[in-house]
Amino acid sequence: MPVATSSRASAVARLAQRSLPGRVHFGAAPEPVRRFTSGVAAIDTLCDGGVPRGRISEFLGPASSGKTSLLLTCLAAATRRGELAACVDLADALHPASVADAGADLQRLLWVRPPALAAALRCTEVLLRAGGFAVVALDLGVPLLRPLHVHVWPRLLQAAEQSHTALIVLAPQRVAGSFAVLSLGLRPRRPLWRRGLWPLFDGFETVAAMMRNKLGMPGREIVMQVVDRGTVDSRQSIVNSRAPELSTIDSRRVPEGR
Amino acid sequence: MRLACLYVPDFPLAAFLRAEPELCGTAVAVADGQGPRGKILAVSAAAARCGVTAGLTAAQAKAIAAHLVVRAVSPDTLRAAQAALCDAAESFSPRVEDAGGGLAYLDLEGLGALFDSEAQLANAVARRAAQLGVEAHVGVAGSKVAACLAARHGGGVTVIPAGEEWHFLAPVPIQLLEPSADLTVTLQRWGIRRIGDLAALPVRAVGTRLGPEGVMLVRRARGEDECPLVPRPAPLLFEEGVECDYGIDTLEPLLFVLRGLLERLTTRLTVRGFLCGDLRLSLRLATRGRDERTVTVAAPSNEVKSLLALVRLQLETHPPVAAIEGLRVHALPERLRAAQLDLFRPNGPAPARLAVTLARLHALCGADRVGVPVVADTHRPEAYGMAGLAVSAAVNSQQSIVDSRPPELSTINYRLSASILPLALRAVRPPRAVEVFCERDRPEFVRGEGLAGRVVQAAGPWRIQGDWWHDTGYARDYYDAQLSDGGVYRLYCDLATQRWFVDGIYD
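Protein chains in written order, with the numbering used here: chain A, 430 to 687; chain B, 34 to 540.
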């Protein structure tokens, strides 16, 4: 049936030309998804090799679940490889010292603090369309009061696909729906307190669960530790050295006696 | 010594047609002022065929040819055309004299090795001038006077071989030496109409009868220069301007005009081997004021599209307060720095594109809300900094990042930890005031906007003091508190006001 073959070929060519999200691959194998390492081996394993480029991924979780720590680790891994990364920080919550502690090269991390949600989405699209960024993170911060416009995520996905940039959305709940190929949910398991004369907050244990994975198998879980060894160790040494005289006050981070 | 002279006939008209090339071939006249009394300085060939000549007033010219386009000459346009002429010459040799009025001299010393003949060199100079929008005649001779006369009399490209200036200049009319009116009358009475006739006269006898002016005229007729070539001190001024016939009050027509200016600027920069850096816009407003603004070009480029996008964003963000009657664009020239890319590193974004992206982000968020994070050099916990993204450094810098970092931050610490992440803090900006209920000086319950819960466990206090020598001094007791909602928050009590705040969430 040469007529049917030619019309099918033209239809496939037209669909490929328009590059619609969720496009139909008719007879041809889809091109393999490129990934980049998140900087944590367990997360890479959970994601079947890393965070996919040119797709939307979601890091979800409530407060103190470790989603920000995971995002900063991803950004740090990208910048350490010499690539550019960007963070659209709607929540205005990025803490530069934490970014530096995660090992990121700050000179390669573009920090954008939009004033409103609409500007944040526009900035994200501008960054994705610019190309050349390894990863663009969109930190929504608080739960959205209402769903975004129906065209937002297809536009962002199309821009991410064309520029091969990974878009990571940080939110308490799922927001991108079926346009996200990967939704990684984090939930706090237990905080880690260092017992002793002076209790110290050491970090927390968190469970990372693959809630949605269009490119692999969902449903797997791992347990991770999110810890701040450096600060805690320095505090511990201060407590140990000054325990007998707990009334000392210093201008640096020194515990004061009760 | 061999010199080339670049001469633009009807310079005001040529400068005008360079600014508005779409009028080439039409009946155009350039006047020295606005209105019907403006005196016509130069006319195009089409206008001349209609009978319009220089010296008429604009009203008279319009009476002869109703379809004639009469425009007032703009100093900005003339300056830009003259600069373009000098740029064309300087793209061959740095020894260029700017004689003004559509004249420039170029020292040809040392260029013989690059071209087969002087005619070939002169043709190349003429082509380069045409590339910059100026149709120039080129004359080559052993002196400035002879080269100038060759360019003006010969037309196109004229090369006078060394030692043959006399033969070339002899039949040229004496008017080209531009003697004064009295002197012209005297010479006509004597029957001297050609330069050769004047050059044959004895200098001393002419000096006795006609004075110093006569002596200078005879020397010029003999091709002897009164002053040597004076190279201009390379001002590197890249500026283009245009005067509008009416006030432009919308963006699109303004960008249309700006596109032409930028195209001419970038062409000039290209032939000189420069890239376009920051742009300075000077807009003359209808309210008699001026709007001066600078468009920062983070990644120097000669791409008109990128530059126009930056200018558009600047004008959209801060539109002019009144209609624009004239505009001038000044480009800061930047040298192209070659950068060796790394074979094993991914390519970054194109610098020009990244610069446009940054400008778009600035327009959306404000310039102070886009940049790279900076760890502030202070003990104040909530302090942070933001610096501009260095485009060239971000894209081209290929230094080893891991090696330049202190050992404690090296990649190994993170790569080896298979399932351990460094703890991050989410900042709360500005710190949120909360109400804290304490028991025996320990926080027991926290209540505030979007936050309420019993304190399950807390660590602290950690007293932090600083800046006590300023008015902005602070003294706080910090706590890490886990609330019953599962979150771990960083709280502090301001010792001066005894108020409690949340300034971060461990996440």
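Just so you know, the hints here were simulated from the structure itself, not pulled from any lab data. Beta carbons are placed, not taken as given, at the ideal position from N, Cα and C, and that holds for glycine. Some clues are possibly wrong.
What follows is a set of in silico ranges between Cβ atoms, one per label pair, in the way DEER data are often shown [stated by the list, open to error]:
id: 1; chain 1: B; residue 1: R321; chain 2: A; residue 2: R603; range: 58 to 64 Å
id: 2; chain 1: A; residue 1: R603; chain 2: B; residue 2: E482; range: 24 to 30 Å
id: 3; chain 1: B; residue 1: L376; chain 2: A; residue 2: R618; range: 40 to 46 Å
id: 4; chain 1: A; residue 1: A545; chain 2: B; residue 2: A485; range: 25 to 31 Å
id: 5; chain 1: A; residue 1: G478; chain 2: B; residue 2: F289; range: 47 to 53 Å
id: 6; chain 1: A; residue 1: R619; chain 2: B; residue 2: E349; range: 33 to 39 Å
id: 7; chain 1: B; residue 1: L270; chain 2: A; residue 2: R463; range: 45 to 51 Å
id: 8; chain 1: B; residue 1: L376; chain 2: A; residue 2: P572; range: 42 to 48 Å
Against the structure, the hints come out as follows:
| no. | hint | in the structure |
| --- | --- | --- |
| 1 | B/R321 / A/R603: 58 to 64 Å | holds (59 Å) |
| 2 | A/R603 / B/E482: 24 to 30 Å | holds (25 Å) |
| 3 | B/L376 / A/R618: 40 to 46 Å | holds (44 Å) |
| 4 | A/A545 / B/A485: 25 to 31 Å | holds (27 Å) |
| 5 | A/G478 / B/F289: 47 to 53 Å | holds (51 Å) |
| 6 | A/R619 / B/E349: 33 to 39 Å | violated (52 Å) |
| 7 | B/L270 / A/R463: 45 to 51 Å | holds (48 Å) |
| 8 | B/L376 / A/P572: 42 to 48 Å | holds (46 Å) |
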